[in-house]
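2 protein chains.
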Amino acid sequence: MNGAESLVRSLLDADVDVCFANPGTSEMHFVAALDKVGGMRCVLGLFEGVVTGAADGYARMAEKPAVTLLHTGPGLANGIANLHNARKAGVPIVNMVGEHASWHIAHDAPLTSDIAGLAAPVSHWLRTCESAANLASDGADAVAAAGGLPGKIATLIVPANTAWESSTGKAQSDPSPTLTDDQGSTPEEIDPANLQRIAEVLNSGESVAIVIGGAALRSDALKSVARIAKARGASLFCETFKSRMERGAGRVPVDAIPYRLQSATTLLEDFEHIVAIGTKPPIAFFAYPDTRSELYSEKAEAHQLASLFQNVPKALDDLEAILDTTDVIAELQPLELPVRCEDGPLTPGSLANVIARLLPEDAIVVDESVTAGREIFAATQGSHTHDWLEVCGGSIGGGLPLATGAAIAAPDRPVFCFEGDGSAMYTVQSLWTQARESLNITTIILANQSYDILKYELENVQASSGEIALSMMDLTRPSLDWVAMSESMGVAARKVATVAELEEALKHAASTQGPFLIEARL
Amino acid sequence: MNGAESLVRSLLDADVDVCFANPGTSEMHFVAALDKVGGMRCVLGLFEGVVTGAADGYARMAEKPAVTLLHTGPGLANGIANLHNARKAGVPIVNMVGEHASWHIAHDAPLTSDIAGLAAPVSHWLRTCESAANLASDGADAVAAAGGLPGKIATLIVPANTAWESSTGKAQSDPSPTLTDDQGSTPEEIDPANLQRIAEVLNSGESVAIVIGGAALRSDALKSVARIAKARGASLFCETFKSRMERGAGRVPVDAIPYRLQSATTLLEDFEHIVAIGTKPPIAFFAYPDTRSELYSEKAEAHQLASLFQNVPKALDDLEAILDTTDVIAELQPLELPVRCEDGPLTPGSLANVIARLLPEDAIVVDESVTAGREIFAATQGSHTHDWLEVCGGSIGGGLPLATGAAIAAPDRPVFCFEGDGSAMYTVQSLWTQARESLNITTIILANQSYDILKYELENVQASSGEIALSMMDLTRPSLDWVAMSESMGVAARKVATVAELEEALKHAASTQGPFLIEARL
Numbered sequence: 001m002n003g004a005e006s007l008v009r010s011l012l013d014a015d016v017d018v019c020f021a022n023p024g025t026s027e028m029h030f031v032a033a034l035d036k037v038g039g040m041r042c043v044l045g046l047f048e049g050v051v052t053g054a055a056d057g058y059a060r061m062a063e064k065p066a067v068t069l070l071h072t073g074p075g076l077a078n079g080i081a082n083l084h085n086a087r088k089a090g091v092p093i094v095n096m097v098g099e100h101a102s103w104h105i106a107h108d109a110p111l112t113s114d115i116a117g118l119a120a121p122v123s124h125w126l127r128t129c130e131s132a133a134n135l136a137s138d139g140a141d142a143v144a145a146a147g148g149l150p151g152k153i154a155t156l157i158v159p160a161n162t163a164w165e166s167s168t169g170k171a172q173s174d175p176s177p178t179l180t181d182d183q184g185s186t187p188e189e190i191d192p193a194n195l196q197r198i199a200e201v202l203n204s205g206e207s208v209a210i211v212i213g214g215a216a217l218r219s220d221a222l223k224s225v226a227r228i229a230k231a232r233g234a235s236l237f238c239e240t241f242k243s244r245m246e247r248g249a250g251r252v253p254v255d256a257i258p259y260r261l262q263s264a265t266t267l268l269e270d271f272e273h274i275v276a277i278g279t280k281p282p283i284a285f286f287a288y289p290d291t292r293s294e295l296y297s298e299k300a301e302a303h304q305l306a307s308l309f310q311n312v313p314k315a316l317d318d319l320e321a322i323l324d325t326t327d328v329i330a331e332l333q334p335l336e337l338p339v340r341c342e343d344g345p346l347t348p349g350s351l352a353n354v355i356a357r358l359l360p361e362d363a364i365v366v367d368e369s370v371t372a373g374r375e376i377f378a379a380t381q382g383s384h385t386h387d388w389l390e391v392c393g394g395s396i397g398g399g400l401p402l403a404t405g406a407a408i409a410a411p412d413r414p415v416f417c418f419e420g421d422g423s424a425m426y427t428v429q430s431l432w433t434q435a436r437e438s439l440n441i442t443t444i445i446l447a448n449q450s451y452d453i454l455k456y457e458l459e460n461v462q463a464s465s466g467e468i469a470l471s472m473m474d475l476t477r478p479s480l481d482w483v484a485m486s487e488s489m490g491v492a493a494r495k496v497a498t499v500a501e502l503e504e505a506l507k508h509a510a511s512t513q514g515p516f517l518i519e520a521r522l
Numbered sequence: 001m002n003g004a005e006s007l008v009r010s011l012l013d014a015d016v017d018v019c020f021a022n023p024g025t026s027e028m029h030f031v032a033a034l035d036k037v038g039g040m041r042c043v044l045g046l047f048e049g050v051v052t053g054a055a056d057g058y059a060r061m062a063e064k065p066a067v068t069l070l071h072t073g074p075g076l077a078n079g080i081a082n083l084h085n086a087r088k089a090g091v092p093i094v095n096m097v098g099e100h101a102s103w104h105i106a107h108d109a110p111l112t113s114d115i116a117g118l119a120a121p122v123s124h125w126l127r128t129c130e131s132a133a134n135l136a137s138d139g140a141d142a143v144a145a146a147g148g149l150p151g152k153i154a155t156l157i158v159p160a161n162t163a164w165e166s167s168t169g170k171a172q173s174d175p176s177p178t179l180t181d182d183q184g185s186t187p188e189e190i191d192p193a194n195l196q197r198i199a200e201v202l203n204s205g206e207s208v209a210i211v212i213g214g215a216a217l218r219s220d221a222l223k224s225v226a227r228i229a230k231a232r233g234a235s236l237f238c239e240t241f242k243s244r245m246e247r248g249a250g251r252v253p254v255d256a257i258p259y260r261l262q263s264a265t266t267l268l269e270d271f272e273h274i275v276a277i278g279t280k281p282p283i284a285f286f287a288y289p290d291t292r293s294e295l296y297s298e299k300a301e302a303h304q305l306a307s308l309f310q311n312v313p314k315a316l317d318d319l320e321a322i323l324d325t326t327d328v329i330a331e332l333q334p335l336e337l338p339v340r341c342e343d344g345p346l347t348p349g350s351l352a353n354v355i356a357r358l359l360p361e362d363a364i365v366v367d368e369s370v371t372a373g374r375e376i377f378a379a380t381q382g383s384h385t386h387d388w389l390e391v392c393g394g395s396i397g398g399g400l401p402l403a404t405g406a407a408i409a410a411p412d413r414p415v416f417c418f419e420g421d422g423s424a425m426y427t428v429q430s431l432w433t434q435a436r437e438s439l440n441i442t443t444i445i446l447a448n449q450s451y452d453i454l455k456y457e458l459e460n461v462q463a464s465s466g467e468i469a470l471s472m473m474d475l476t477r478p479s480l481d482w483v484a485m486s487e488s489m490g491v492a493a494r495k496v497a498t499v500a501e502l503e504e505a506l507k508h509a510a511s512t513q514g515p516f517l518i519e520a521r522l
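As they're listed, the protein sequences go chains P and U. Quick note, the first sequence lines up with residues 1 to 522 if you use the UniProt record's numbering. Quick note, the second sequence lines up with residues 1 to 522 if you use the UniProt record's numbering.
Hints should not be assumed to be uniformly reliable.
As the list makes no split between identical chains, a pair holds if one copy fits it or if it spans any two.
Straight-line Cα separation of at most 20 angstroms, SDA-like style, residue types lysine to any residue; simulated pairs [unchecked claim]:
{"id": "1", "residue 1": "K299", "residue 2": "R340"}
{"id": "2", "residue 1": "K36", "residue 2": "M473"}
{"id": "3", "residue 1": "K36", "residue 2": "S464"}
{"id": "4", "residue 1": "K280", "residue 2": "T112"}
{"id": "5", "residue 1": "K280", "residue 2": "E301"}
{"id": "6", "residue 1": "K299", "residue 2": "E272"}
{"id": "7", "residue 1": "K495", "residue 2": "A484"}
{"id": "8", "residue 1": "K170", "residue 2": "G382"}
{"id": "9", "residue 1": "K36", "residue 2": "G466"}
{"id": "10", "residue 1": "K170", "residue 2": "D15"}
{"id": "11", "residue 1": "K495", "residue 2": "A435"}
{"id": "12", "residue 1": "K170", "residue 2": "G39"}
{"id": "13", "residue 1": "K495", "residue 2": "R521"}
{"id": "14", "residue 1": "K314", "residue 2": "T325"}
{"id": "15", "residue 1": "K36", "residue 2": "D317"}
{"id": "16", "residue 1": "K495", "residue 2": "V483"}
{"id": "17", "residue 1": "K299", "residue 2": "V201"}
{"id": "18", "residue 1": "K36", "residue 2": "Q462"}
{"id": "19", "residue 1": "K280", "residue 2": "A193"}
{"id": "20", "residue 1": "K280", "residue 2": "D327"}
Note that these hints are calculated values from the structure, not bench results.
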């Protein structure tokens, strides 16, 4: 057995059985080992941003990590933006990055680079394999470090010779992390004094906004939070960008903190306390001249019951025990489909109306629609039960890969991906993987032909908007033809401009096998 | 004046007048300043790999850096692979990376990341601006650190508040680099003892292979090298991947060291000395089991007259003075267009034949054709005078952006880009920028529908090739439709499968304004 085969066996033993890959020469022995061992599904992406973003989407739905296979430093670098997004979302990923054979590194070949240096800023755990004999245990340690959901980014650098040299297949495990960040060193235990203080705050009669994220957005935790809020008259909001939220009919309805600074601060300004659960007390996405970073009042007191990486269900159980909420019944959202809007040109509002009505039971929604789709979230509150996934690290280009990975993890559920045209272009190669794997994904491109978000931000940062500035936000010269783009990668597509056309296209997509793309002209 | 405006003025004063950009909120004041100041051409890329790769191509032809505008850590990360390629090619680039306002960083907003950590592995010079008052001088220092051609990667991190806060526009310059790598600390001076030793080697009558790269591939340096080789009977080769080589009719003809390991070692095995000029003694692209990294014999002695970053023309002058080559006349390549091959299906050979005949005078060629285009280089030895640019860091996806930047730098020269389908997919968004800027680029996709190079490498690393391994190199499920892909981004395109069709398509491309893409089915 060589090192590569021992690593594949070790990953399979740890229940990691999906590999998102764009391999190169240094990873050929790992790829060859996949044929020898069997049992690992290997999904090819034509760009590494697809690979890492799909691993993110997969882990959010599978609640366990996939392994990525990346070709040396530049291959890793291409995947960093979506690793950043996954890291901020608390999603586990195991990266396997190929490196030159150890003796080749000093020669500074074209592909030689500081892989560990590139990996460190996005990795909670990072190790370079030192010999073929260690590769099995290094793989097991990486999976252990990545954990479940919420989880962490574990990166294993594998010099090519450790993959091709021989191994016994077993070695002593050393699970100690090589690198930790601030969140990695956060104690998993909930501080009892803090718990007590938050209970006091909730009992005080002062106004409280509970802000939830991470694991607090799952169905059972939501019920618990809703009981607490109802019992003590607290207001309940979820964070702006959500890793995975279970919502729709039969779930707890929660409004999100708006992205727009003024709306967010207005919403929160009167609360005397902010209690964050599974997230941090809310802060602005960007800083602006003469504004503070916190979205809540200077006079408010901010609390955190549990961080993204702490045990949120246990923290909620403990808090409910103190507050004695056993008799409280959480109010659940009934199925409330909106009345069909009039036919006519698609607008953000009419598009949201169509989606809210036609979203099927048990759908997975990936939302990276940025400005043009901002009405969809509120509109789908009473739609059929669904999961809602967003990009949590602010790096555009997460959406199409997230949908790709989610569909691999949950092949029996329909996946809908709402994408801005600007962000879709970042990882557009995802469509090819969706076609190759015949994934059940309907992508809706909200084609406003603009980096519209930047027009808002330009004003927000109090910068003037001249001709050059506006041209940097303009995607009309030339305009992108999303139907041709999609079909060029094997995904059937259709352009729609009215309510009726969108309805018809969604019905067509639902009736066909494999991916479909709808270009919605707004 | 605010910091951003002072930075724009400082860059323009330093003769940096092209900005490749994908800005976000943190960079809005810089973009606004471009309107206020005037004189900076700002070119939008829809993905940062386009932005950094275009800056590389621009600097190779303009012989001075462009500035890139990148949005925080993830924006930089998306551009790292092509910064890696530029770094290996010795190409100057000034990166301006936006960061949150200084007081916002500690709040760990979604886009907060360790930007300096990400930048360090690809930057020779790296600094975070500390106040608006410093921004003008920080910009000047970055340009100075980047230098000309050959040059370096200088990265300036700009917190948003230093862009919007006010500045006097001038500040004390501090050109000391914040970070240097091994090559950065290489003395620029040529060691006289080393020079003398190399002269002795050339005079010894022992067999010598001169291997040239970097600045030794420019027309005058080539003549100097050719005189030295001719005077002392040395063999002359250029490195496998060339940053910018001036060649064709009227230039010095030089064969390249082949990519394939066996071919390269066979070529070099009998030489007693290797003299590298503007590059290192040649090493293998990858290491393989039981092979050494050096491409030359264990018994050979390796020398380096000048590194990539040393003064190659001066080193050659000094060596010529010692060897007294004043009476030697370098043999120049006559115009030798091949006889037209028979019409028929396109093969690597017939494609190279067409290109060699039809390449126009003064063209710029960007070659990232990987396997299918490997015959083009030799075939175009006697073609009309042209510049030849390749990706030097082994990270695929450099070609389309290089062509984009080269066309911006040299608008009056026709640019030809030979691309493999696998590598073209990495930065396919380049086509949109080519259309938007109406650049005179003809892209020829050598569509073999495969990561063909990996099939060779799989064998080379002695790995077995099972079903999964081969499927990871297969781009036929679905096959990419390059005409639809290109047209979706506004670049007219045509598919060709025969010699006559390719000839016709090239003539059509030459007769039209703006970019054109040819999908060559092999």
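Structure versus earlier hints, numbers of those that do not hold, lowest first: Numbers 1, 8, 15, 20 - these are the hints that the structure violates, sorted from lowest upward.
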